[in-house]
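**Student:** Each chain, written out:
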Amino acid sequence: MIEIKNLTKSFGDTLVWRDVSLSVEEGETLAVIGKSGSGKSVLMKHFNVLLYPDSGEVLIDGMNVFEIRYARLRKLRQRFGVLFQGAALFDSISAFENVAFPLRFFSDLNDKQIDDRVMESLELVNLADIGNKSPAELSGGMKKRIGLARAIVMKPEYLLYDEPTSGLDPQTSDEINDLIISMADTLDITSIVVTHDMHSVLRVADKVAFLDKQLLSWYGTLDEMRKSDHEDLNAFVRASEYTI
Amino acid sequence: MQLFVDVGSYCRLIYEAIRSSTEVGMYRKSVVSEMVKTGLDSLPIIILAGFFTGAVMTIQTSYQLVAGFIPPSTIGAIVSQSLLIELAAVISALVLAGRVGARIATELGTMAVSEQIDALESMGFNSVTYLVMPRVLAGVLMFPVIYVAAVVAGICGGLMASLLTGTLPVSDFMLGARQVFTPADVSFGVIKSFVFGYIITSISCFKGYFAVGGAEGVGQATTQAAVLSCIYILVADFVLAFLLL
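These protein sequence lines map, in sequence, to chains A and B.
Throughout the first sequence, residue numbering follows the working numbering, covering 17 to 260 in sequence.
Throughout the second sequence, residue numbering follows the working numbering, covering 15 to 259 in sequence.
Same shape as in the complex, but just chain A (with noise of 0.2 Å):
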């Protein structure tokens, strides 16, 4: 389980949000939402520390994960799968290799363990046939599956996906919803979506916090959302062309 406290963030004079606190239970999927610039991004990347907050706390099973030190951080954040927006895959390696990349480095697998290990991997999001290509050879929706081979490959506990489905055509983004509703399921794995795409919200989350006017403006089941008469969250789906 993961518990945010009263975080607040700011970079500078500016501040990004204040008094953020919300849960995630195991086996949830989060979805955090707002328009750009509203400090999504910024919040998924305290979960696994790669930014810390000026106060507050996140608790992973209790442990608050800004107080550990270096090494022990390195540990925990390989309880983290995390895709990124633009997949963050490394392009002087084969896309096969950026899947193996982890299990190189931390695990006791000989090379034809890795090879089966990765093939699990890219099988699950469909891309077992991805042979050698280099990440520039790919499309958009390419990347971000190998991208979520890489994520997965290491069996973690949590998964955070940072804007899945942007830039993506509406039927790539489908099978990009498909594949976090398929972890979520198959791999039993506690998901954090940040998206601004309401189609995919509706799709995946079982929770949602909506973040806006440098607040945690917002935060309920998914069922609570299409009874909530909040003006801001409305508003805001409401130009997402949706209607809940």
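For the record, the hints were derived by calculation from the structure and aren't laboratory data.
Treat each hint with caution, since some may be false.
Here are the simulated DSBU-like cross-link-like pairs (lysine-lysine), alpha carbons at most 35 Å apart as the crow flies [stated by the list, open to error]:
(1) Lys229/A to Lys51/B
(2) Lys91/A to Lys43/B
(3) Lys91/A to Lys51/B
So the derived list for chain A, only partly shown, Cβ under 7 Å to chain B, looks like this [claimed, not checked]:
(4) Ala87
(5) Arg90
(6) Arg93
(7) Val98
(8) Ala104
(9) Phe106
(10) Ser110
(11) Phe112
(12) Pro118
(13) Leu119
(14) Phe122
(15) Ser123
As the structure is a prediction and not an experimental result, all values here were calculated from the model.
C-beta atoms are modelled at their ideal positions from N, C-alpha and C, and glycine is treated no differently.
Place chain B on chain A using the hints.
**Tutor:** Only chain B this time, still in chain A's reference frame:
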């Protein structure tokens, strides 16, 4: 104020690289590939720069020392010693500040702005160990090799110039070079090249690692890496000459 922030960030980066240097398994393979990129791949441009520096210096020294009472071997002595204690190290460092420094800053800068460094950290890597340590280590190890190549190329250039222009016999050039040669001059040049290797690679890693703001940010980081490396090479050259000569 920004200067203090930069100095602090640079010191932290280098401290982290040194502190995590025991994780050899993380960067062993990268060191070898960086040694090839920094050293072997730079040899052609270094040989070219060294060769023509030696050749031009021989012609210019001959031109300046036209008085008949100065023995021709003096030209060989001046050229070879200048190459050993100053020119080979400084010229190769200035050339590599552009070639190696720009490459490192661009590579790391692109990784920073495309979240590849965040990806490394989020997988559990110490990104400084994996990215900075091998580049700085390769620079420190390979610059002395580059320095030796530049000296040899420079002397070859000097010999060719004396042969082609007929200003002095090759035997006189070599005689002068042998007369003034001392191992201390080589040690001085090697120390300089160690220091220059460290300056170029560490500054370029620092600028690239902390690059922000997309393509423009990477461009700025690359320019700053090359310019700052050149400035600190010249400052270090003066300090080393002051301390060691």
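**Student:** Quick one, are Lys229/A and Lys51/B close enough, alpha carbons at most 35 Å?
**Tutor:** This hinted pair is violated, its Cα atoms lying about 49 Å apart.
**Student:** How about Ser123/A: closest beta carbon in chain B under 7 Å, or not?
**Tutor:** violated (11 Å)
**Student:** Can you verify the interface hint for Ser110/A: is its Cβ closer than 7 Å to any Cβ in chain B?
**Tutor:** violated (15 Å)
**Student:** Taking 7 Å as the limit, does the beta-carbon of Val98/A come near enough to a beta-carbon in chain B?
**Tutor:** For Val98/A, the interface hint holds, since the closest Cβ of chain B sits about 4 Å away, which is under 7 Å.
**Student:** With 7 Å as the cut and Cβ atoms as the points, is Ala87/A at the interface with chain B?
**Tutor:** At 9 Å from the nearest chain B Cβ, Ala87/A fails the 7 Å test, so the hint is violated.
**Student:** Close enough to count: is the Cβ of Arg93/A nearer than 7 Å to one in chain B?
**Tutor:** holds (5 Å)
**Student:** Take the C-alpha atoms of Lys91/A and Lys51/B, compute the straight-line distance between them, and say whether it is at most 35 Å.
**Tutor:** Within the cut-off at roughly 32 Å; holds.
**Student:** Take the shortest C-beta to C-beta distance between Phe106/A and chain B; is it under 7 Å?
**Tutor:** Since chain B brings a Cβ to about 6 Å from Phe106/A, closer than 7 Å, the hint holds.
**Student:** Taking 7 Å as the limit, does the beta-carbon of Ala104/A come near enough to a beta-carbon in chain B?
**Tutor:** At about 4 Å, which falls below the 7 Å cut-off, the nearest Cβ of chain B leaves the hint on Ala104/A intact, so it holds.
**Student:** Regarding the hint that Arg90/A lies at the interface with chain B, is the smallest CB-CB distance below 7 Å?
**Tutor:** Holds, because the Cβ-Cβ distance from Arg90/A to chain B comes to roughly 4 Å (cut-off 7 Å).
**Student:** Quick one, are Lys91/A and Lys43/B close enough, alpha carbons at most 35 Å?
**Tutor:** holds (23 Å)
**Student:** Does the CB of Phe122/A sit less than 7 Å away from some CB of chain B?
**Tutor:** holds (6 Å)
When each numbered hint is compared with the structure, violations occur for hints 1, 4, 10, 11, 13 and 15.
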